[in-house]
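Chemist: Here's the letter readout for the chains.
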Amino acid sequence: MSTPQDEVEPKEIEEFRVEVRAWMEANKPADPGFKLPQSFLEVESDRQFDFLRDWQRKVYEAGYLGLDWPAEYGGKGDPLKRQRVVSQELSRARAPFLVNVIGLQWAGPTILVYGTDAQKKRMLKPILSAEEIWCQGFSEPGSGSDLASAQARAEKQGDGSYRVTGHKVWTTLAHKARWMILLARTDPSAGKYAGLSFFLFPMDVPGVEVQPLIKMTGEGGFNQVIFTDAPMPGDALLGKEGQGWDVALTTLLFERGAAEGSGGGQATASAESVRRLVSVARRARRDGGTAADDPVYRDRMVALWIEEEGLRLSSLRMRIPELNADRPQVLRLMNKLVFSEYNQKLTELACEMLGPEATLWLGDPCAIDRADWPRAYMNSFGMTIGGGTSEILRNVVGERVLGLPKTK
Amino acid sequence: MTQIPIDFGFREEHELLRQQSRRLLEERCPLSEVRRLSEDPLGWDPAVWKELGALGWVGLALPEAHGGAGLGFLPLSFVLEEMGRHLLPSPYLPSLLAAFAIENGGSEVQKARWLPGIASGEKIATLALTEPSGGFEAASVQATAEPTEGGWVLRGQKTHVLAATSAHFLVAPFREPSGRVELFVIELPAKGVCLETEIGVDATRRAARVAFEGVRVSREARLEGRGEVALRRTHVQGFAALAAEMVGAADAALAMTRDYAINRKQFGRQIGFFQAVKHPIVDILIGVELSRNHVLGAASALDHAPADAETAARMAKALASDVFAVAVRKGVQLHGGYGFTIDCDMHLLFKRALWSRATLGDGAYHRRLLAQALLDHDAAGAETS
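If you're matching them up, the sequences are chains A and B in order. With the numbering used here applied, the first sequence corresponds to residues 718 to 1125, in that order. With the numbering used here applied, the second sequence corresponds to residues 2 to 386, in that order.
Hints in this document: simulated from the structure, not taken from any laboratory. A portion of the hints provided could be inaccurate.
A short list of chain A residues far from chain B (calculated; beta carbon distances all over 10 Å) [what the hints assert, rightly or not]:
no., residue
1, Gln874
2, Asp876
3, His892
4, Lys932
5, Arg1015
6, Phe1098
7, Gly1120
Coverage of chain A stretches by chain B, computed from C-beta distances (three or more under 8 Å per stretch; other residues unrestricted) [what the hints assert, rightly or not]:
no., segment
8, 1027–1038
9, 1046–1058
10, 1104–1114
Every residue, glycine too, gets a C-beta built ideally from N, C-alpha and C.
Required output: the full structure, derived from the provided sequences and hints.
Modeler: If you want it as structure tokens, here you go:
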């Protein structure tokens, strides 16, 4: 994969930022008038999906996606810095999220690392344009945190193709996906790790059944996929047979934000920020005043503000190797853990401050912010559980950074 | 909170200073030495102090015109972090803060008079901020300065004054009859200055109660700049300096606990295998790294974005105070019975944590003031995302 050098001058970056910001202002879609999902985990209806896909295509066509991916695969071969600017500006503009998150942030970068030239040529551009949506087939009913125990079977046929049988869960966007990154067992007699291979699975073959799973918010978008003797061509293999666990670990680094190189964009409508929390506090009535006057809430809001600022400073510090000399990996490895827990505390605090107002749900005309807060609090668990639970990530950080004894 | 440079103003030479200070303190100040000095009447090693002066560490961030190196707060924060990591017993912090007060409030003549001596380490100085009421802000200054023929008469008390019994001069705020608070430099010893050594929890910090019983000082003893402004900036530098030290010390507590979790075996396993041990250690690590981010942010703001410095430094002091407290609380607990003996070095860090949190405002104190910035001014609230 390309290793972009940070050769672009800050001034150029600044000008680029101004350009992107102006473009966002001019092109950010208006409120469609129907409920939009808060993140890619709950895309349900066709109109939601079409709206989001059109938006991603527009961003790509404007030249703002895949900036750091090679030009021959639909990117621009620019420094990573420029893609970061776009992601930051998308977030700042509170623009809709980019729907092909799994393609842009997890599958694409993994293909860039392990893919053959043919795979890169075939797969990458339609990821950027959202023409082909991706989903992820890692977790199974019996393999969650212990991902390497996956049992889905990819059996090699005489002609070099495979047949897949098994059951994958939490497959966000499977109902819209053209492709799946699939972790499956090719050699049951090899060890737990050595028996796994990584595939780019075509979802349009027979023997694939996508069933919706409904989250506690009542929202769909989340699925399980059952494979019954589903055919898969030999060139679906990414990397080598038996190398699946290494490839999957690379994907997890991208998924957890521990490695950079995504095609761009953001996974949620916008990170809820302390700034929004303040606006909630000012509207939340308490004893004749508001929650913004309550010393206990004030203290908790500031504690979150300090965390938020700490995360922002992390993103600056991460780029200066000398400032990470003692523990080169730690900021990247802890980032998803800290961010997801911050987000959960923040959304819960908003509900707490809103009091009875936060008991109103979607559809109630009096619900504050269209019931965003109870919904965001419930959805926050997607981040503290998905992509490695907070508990697993504490193991990962303790073992890889501090050298504590391994759990597995 | 967006005005600091994206690289914090970091330069290669800063890194060299960090490595140099770590190496030197590893050599000069192992914990056995900290223990020895804890029992020593003076409380620090004059030879090491001389060496720090010769290396230019006291004047690192002071202006070149007055004997300093003019390198800024960022490299200073690296040195402070290493001093915290090694629990260096030293008059460094009080001298540094006194020098900042003089730099912030003094005229060129006053700076030229006092700063070079401090910068070279020849003179030890201290800053007396806290009063018996417990407050250290301008509003809580009750000690008075009355004008008299040719100068001022100072009365009142200051507590927890570091290195007071060794200091050649002492900087402190006093209230004038007009109600204004101004900074004064008192050269020691002086008639009417009574020192009573405190018996402190943290034996690496030597402090005294200081009573000013009609101390006569010259007109030039009053720093010419506006006292409250100079004092406030000195506070901000103090928050950041203490936070930097605390990050180093909390990191030392983390390292000690991590090593113990690897070496100690129970139930036939290293105890760090158990998640009830592993996860709290990881939480300390995360706290240490986030605090370090804030120290970088505060140092960078002091160097490059003065308008952001107060918020950044309060954040750093608030978080580091709490993180250090958790690091030593869990540090003692996870060392088990050994952790709570005097043989285990953790108590040295534990006592420093009590001192550091209590000095210049704890987490709750700073969060209360940060809340005003976040919630009581629209502009500040809007700048937070």
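Chemist: Which hints, by number, does the structure contradict?
Modeler: Of the numbered hints, 5 and 7 do not hold.
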